[in-house]
Structures are given as C-alpha cells and as structure tokens.
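Colleague: Position in the sequence shown (from 1) plus 1 gives the number in the numbering used here.
Keep in mind that a hint or two might mislead.
Below are the EDC-like pairs computed for lysine to aspartate or glutamate, each with C-alpha atoms no more than 20 Å apart in a straight line [claimed, not checked]:
(1) K214 <-> D188
(2) K251 <-> E135
(3) K204 <-> D194
(4) K204 <-> E260
Honestly, the hints are just simulated from the structure, not real lab data. Computed from a prediction, not measured in an experiment: that's the story for all the values here.
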Amino acid sequence: MELDPQNAVTAIQTGIHQASALVVTYSFSVLGAILLLVIGYIVAGLVERWLYAGLGKVGGFDLTLRRFFSKIARYAVLGLVAVMVLGQFGIQTASVIAAIGAVGLAIGLALQGTLQNIAAGIMLLALRPLRIGEYVEVGSISGTVEEIGLFATRLRAADGVYVLAPNSTLWTQPVKNYTRNGVRRNDITLGADHGEDIDRMRKSLVALTAGDKRILREPAPQVFASDLTDESIAITLRYWTSASDFAAVKADLTMATGELFYDKKPADQQAAGI
2 MELDPQNAVT
12 AIQTGIHQAS
22 ALVVTYSFSV
32 LGAILLLVIG
42 YIVAGLVERW
52 LYAGLGKVGG
62 FDLTLRRFFS
72 KIARYAVLGL
82 VAVMVLGQFG
92 IQTASVIAAI
102 GAVGLAIGLA
112 LQGTLQNIAA
122 GIMLLALRPL
132 RIGEYVEVGS
142 ISGTVEEIGL
152 FATRLRAADG
162 VYVLAPNSTL
172 WTQPVKNYTR
182 NGVRRNDITL
192 GADHGEDIDR
202 MRKSLVALTA
212 GDKRILREPA
222 PQVFASDLTD
232 ESIAITLRYW
242 TSASDFAAVK
252 ADLTMATGEL
262 FYDKKPADQQ
272 AAGI
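Work out the full structure: start from the sequences and follow the hints.
Modeller: Structure, rendered in structure tokens:
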C-alpha cells in the first residue's frame, strides 16, 4: 500500500499541533505546581512559627507539646499543598485522599501501641500529673522524673537506676506524686510498756521536734496513743515537714528517737559516753 504524501504531511502537522498544545497545557500546570509548592512551603513555615509562638503565650503550656502541635500544623499544610499540586495535573484528588486515608488507617492499626503512647504523652504533658524533678510512684514504677517525651518518660529510681516507662502505663494507673503538694507527713511509732511514764515520753518527743527547725509548726507536731494491747501501748509521733526535707528529717528523727528511748546501756556507761 502506497503512502499518500499529502496525508502524511497532514498527520505530522496534526501531531505537532497536539504536542504543542500538550506542552503549553502542561507547562502552565508545571509552573502552577512549582508556584503552589513555593507558596505552600512558605505558608507552612509561617503557620508553624505562628502556632509555636501563640501556644507559648498560653501559661504553663509544655514546650514539647508546642513543638508537636506546630509540626503537625506544618505537615497538614504541606499535605494540603501536595493534594492541590496533584490536582494541577488532572489527578482525581478524591481518590488520592481516600488512598491516603486507607494507608493512614493501616499504619494506625499497625502502630496502635505507639499511637497509644503518643496520646498518653499528650495527656501527661497537658494535664501535668507529674513534672520534671518530682518524685512519683505509678504502680510498680517509682523515681524522680527526668524527662517526659511523647512516647515514654524517663525516671531515676531512688537507688540511681535508669527507668524508662511507656506513657500509656503512666497514664492508665493512679499517680502518687510525693513532691507536688510541697509538704509531707510522717509518723514514728514507739512501743511502751504499761509501767512506763507515758507523759514523760510525750514531753520528750515534743522537745525532740521543737529542736528541729525543719519540722513545721503548723500543723503542729502531735504525740498520741495509737494502739493498745495487753503487753504495750503504741505511742505515735506525727509531724509535718517540707517534701524536700522529708527523707533527711525522717532518718534523723528516727535515729534520735531510738537513741532516746531504746539505748539500754547502763547509766555509768551512758555518762561516760561509751
């Protein structure tokens, strides 16, 4: 079959016109996409900085949460820009959004435990049942809080051991915060025989607390009989001190009380300081 030269020229011209139209159309699409990307990138940065600064004006708002929410806002703007760029090339954005939603759901199910920790971390940072520097006890976990992250919280146990606790564990159990209220109460209980001078013990314990300036005067220390058996009477010294002094005062007062009432050395040895 012989090719007609006139038809060939016509076909080439038609192809060139179609290619030119396609180039022009997509050139505008590419330029529009580039413009959208530049503007979107700038707007995302402005939104991030604006939200970070705005949350900083909210009293007590945690620094970690400020960074987290400002980053979320930035990525949300960038995601919206990406969908708009795809729309510039005629791609059905509804199907893209549906696909992103399906992928997000699958990732969420796969990372369910991780997302649970993030949600718990946000609640811990927002409601602040524990803060850095406070000594807390949550179930079997106890220690001084050193860092509260979005996934886990780092603590230092009383014996110096490093503890990393998942946020979901800390959020789903009652928190005992030994530092938050600023003051703590302690009881020291002694056993007294029925024949002992109870009034003398009471006065001695009151004098012991009066000599320690770390013990608060309000509420005032109390000495009372807390239990009674056939063999003895339980005498309890109750006092309040600041949370920071609690451990030291407890150790010192327990030692002083033991020396005062349980030193059974003969009188001549006590006088000689032996």
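Colleague: State for each hint whether it applies.
Modeller: Against the structure, the hints:
1. K214 <-> D188: 17 Å, holds
2. K251 <-> E135: Satisfied, since the Cα-Cα distance of roughly 19 Å is no more than 20 Å.
3. K204 <-> D194: Holds, at roughly 17 Å.
4. K204 <-> E260: 16 Å, holds
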